[in-house]
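> Dock chains B, C and D against chain A, hints included.
Now for the letters of each chain:
Number of protein chains: 4
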Amino acid sequence: MSLKKPFILINFKTYLEGTGRRAIELSQIAERISSDTGKCIAIAPQFTDISTIFDKCKIPIFAQHIDPIEAGANTGKILPESIKEAGAIGTLINHSENRLKLSDIELAIIRAKSLGLVTVVCASTANISKAIAALNPDMIAIEPPELIGKGTAVSKTNPAIITDTVSLVKEINNSVTILCGAGITNGEDVKSAIDLGSEGILLASGVVKADEQEIILRELALQL
Amino acid sequence: MSLKKPFILINFKTYLEGTGRRAIELSQIAERISSDTGKCIAIAPQFTDISTIFDKCKIPIFAQHIDPIEAGANTGKILPESIKEAGAIGTLINHSENRLKLSDIELAIIRAKSLGLVTVVCASTANISKAIAALNPDMIAIEPPELIGKGTAVSKTNPAIITDTVSLVKEINNSVTILCGAGITNGEDVKSAIDLGSEGILLASGVVKADEQEIILRELALQL
Amino acid sequence: MSLKKPFILINFKTYLEGTGRRAIELSQIAERISSDTGKCIAIAPQFTDISTIFDKCKIPIFAQHIDPIEAGANTGKILPESIKEAGAIGTLINHSENRLKLSDIELAIIRAKSLGLVTVVCASTANISKAIAALNPDMIAIEPPELIGKGTAVSKTNPAIITDTVSLVKEINNSVTILCGAGITNGEDVKSAIDLGSEGILLASGVVKADEQEIILRELALQL
Amino acid sequence: MSLKKPFILINFKTYLEGTGRRAIELSQIAERISSDTGKCIAIAPQFTDISTIFDKCKIPIFAQHIDPIEAGANTGKILPESIKEAGAIGTLINHSENRLKLSDIELAIIRAKSLGLVTVVCASTANISKAIAALNPDMIAIEPPELIGKGTAVSKTNPAIITDTVSLVKEINNSVTILCGAGITNGEDVKSAIDLGSEGILLASGVVKADEQEIILRELALQL
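One line per chain: the protein sequences are A, B, C and D, in this order.
Everything in the first sequence is counted per numbering that gives the first Met the number 0, starting at 0 for the first residue and increasing by one.
Everything in the second sequence is counted per numbering that gives the first Met the number 0, starting at 0 for the first residue and increasing by one.
Everything in the third sequence is counted per numbering that gives the first Met the number 0, starting at 0 for the first residue and increasing by one.
Everything in the fourth sequence is counted per numbering that gives the first Met the number 0, starting at 0 for the first residue and increasing by one.
Don't read these hints as lab results, they were simulated from the structure.
Source: prediction; values computed, not measured.
Mixed in with the good hints, there may be bad ones.
No copy is singled out in the list; a pair is fine if it fits within one copy or between any two copies.
Said to hold, decoys possible - DSSO-like, lysine-lysine: derived pairs with alpha carbons at most 30 Å apart:
id: 1; residue 1: K57; residue 2: K38
id: 2; residue 1: K169; residue 2: K112
id: 3; residue 1: K112; residue 2: K100
id: 4; residue 1: K57; residue 2: K3
Extracted from the complex, chain A is given alone in its bound form:
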């Protein structure tokens, strides 16, 4: 499954509503809405659920993290090859809940690219986005940590951080795609994020923790 821009990327985090059997159900909801609306929806489930979702759903899958390691003696770490073989087409890197050392971000990007994995590197500020752009990822997701999970969309609260990110990143590397995250809960938030120059939406609790996952996700997709 390949990506088509603009797209929505749903991060399942370690919510129980996105674990195991419920991860599969949510992936099937996403697949159905994607099919109905023609919009691209990707997911980032937990490592343990990637292969089962890959077997059961036609939907682009990202890992939530990779470790910047080579195959070898690394017990409990996430080998980039392992998520690829399980069915992922890409990975989040440096999520605010899993920040990496700068040197490890560079290594993780290099490792992922060598395997043909799409890299979505998360950033908390416009300057951090600019710094990451120097490392040539495929995509940068700008997410002010103070807005994550808060239900207040960055595109409303702080639109300048998106437009600044877009302009600073494009200055460094024009081929980087900008995603926008943090606090997105309705279709209007999606629309304004796209209008401000992002080409995708990264969100989590707004869908995963919603009482009506299918209804809210459909609303978001329709505004993409």
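Relative to the frame of chain A, chains B, C and D by itself:
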């Protein structure tokens, strides 16, 4: 699948020989030898491979690590529930390649126990084993890091570390099972580890990286 | 300057009220009260202030942390020799704001002891205290993290954690001294901590952030 | 003491030859050579030695690290204010022996700047240097980790990494000063580093571990 003591626990680490399709093949080898010999063989594959192995093999599966977290906003972390739902019956904790803070070892043990997961906590010295025993894990694996992957068995090089561990740990908590790791490559190593008081063997490269995985594992199992 | 039990150990943390010139002033207050009351008061200032306090005050000085390293290429780390040569007689290890891996706690204790430095290892639960006792530190400070800086004394809120710690630790290693921390703000708290079996008090904001540092510290010392 | 470009910055790391009394002696050597030659020599001693060196020597002092924290409850951490009050004019950040998360590099730079401290951020590759330039430090020290302490100068082995760093960084932020580190042991290495576009030299073992610290440092200074 439940454990029967004594047993062999094969840690696949992040070796390519134990990733994806090759993880399944190695699990099937272990299952076959276990069936042939009547000896218990368990495996600790990568997170991404747990559910597929669970579907295809009758063999006790451990995770290589869990994070001491509750369900929630923990992108890229290993939720204990996720490995259980994928099919693991237990988990390694504090492997020398993934050392935890002391307070996190306590939390990880508590979380795993609350889910009925078997805890195998790794230790590098006899005193560390004693310290871990105070936190009431199910099992402690004593592995001097300087011997890991070296092909020289701890049971030969430093038998006192095993007997010291057994006596110190039993003093604190008599119900803890001792596993012995590091450098085990042949049946004689297995036999002497058991003779010294351990009730299981933790090993990795000796099997996973072997040219003839099936031959070596069968030799080890026969000496159990 | 040597320690005399029971004693008060004031952790300056990185409070501005305990940094630089104000660290020296607070140390002089402690020295004066110690001299007036005959009670032992020790301090744990920031690394940068150890040598100046050592020059100007007769008072036992602890570091707030050491890294479990040997002399060598460790830029920005805390070499145990460096705090000793600056004038410290001991060090905190594994404070709740600076938790260490279990294997590093063992190494830090070994390194400190080899230099004759007194080790005060912090613990958050009675079982953690028991675990640490297996590593043979000189002292264990039991500090439930949820009470740190809260102004509610552990000796009042959760006296059982102190008595449990004392009995579990003594079971393992009878020569370990127990300190009691978290939330101590007045003389009565000190008295009850000592009555419960601890031989010292570890505190920080209760003195360092007090409007009247000298008045509160004198009250605490008188109840020791 | 202020900096004058070009300059040599000697990182004392945690070498015993640069700890305590021997840190003062080495600082006095540096001061004397600086005075004799008119060249600027700065030092980065351990935290515990900053204030004593500040009292005894007229020489620009850097810390080896700061934590990206505010004053408060951070036991064992390095408060930027603490190194300033001890006498440092600046700090290393993100040394290869003390790598930081990308978001912490940004915070550390912001905190240091707010106190008027000079920031020297270390980088291992030209692209990492470019990324750091986006965060607006005062200086970037390019040090390929594989050459550190090896006695083979980067300016000889891999001159392109210096010229690439200079051009990539200047593209982003023309006001950033480039230092060159790793493997510098003689005057010729200094000269070639300067010729390649760096405005300073960061070195450690080449001077600190030298049998004749004064002779080698004088040779380096004369080629500056």
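> Which constraints among the numbered hints does this structure fail? Numbers only, ascending.
Those not satisfied: there are none.
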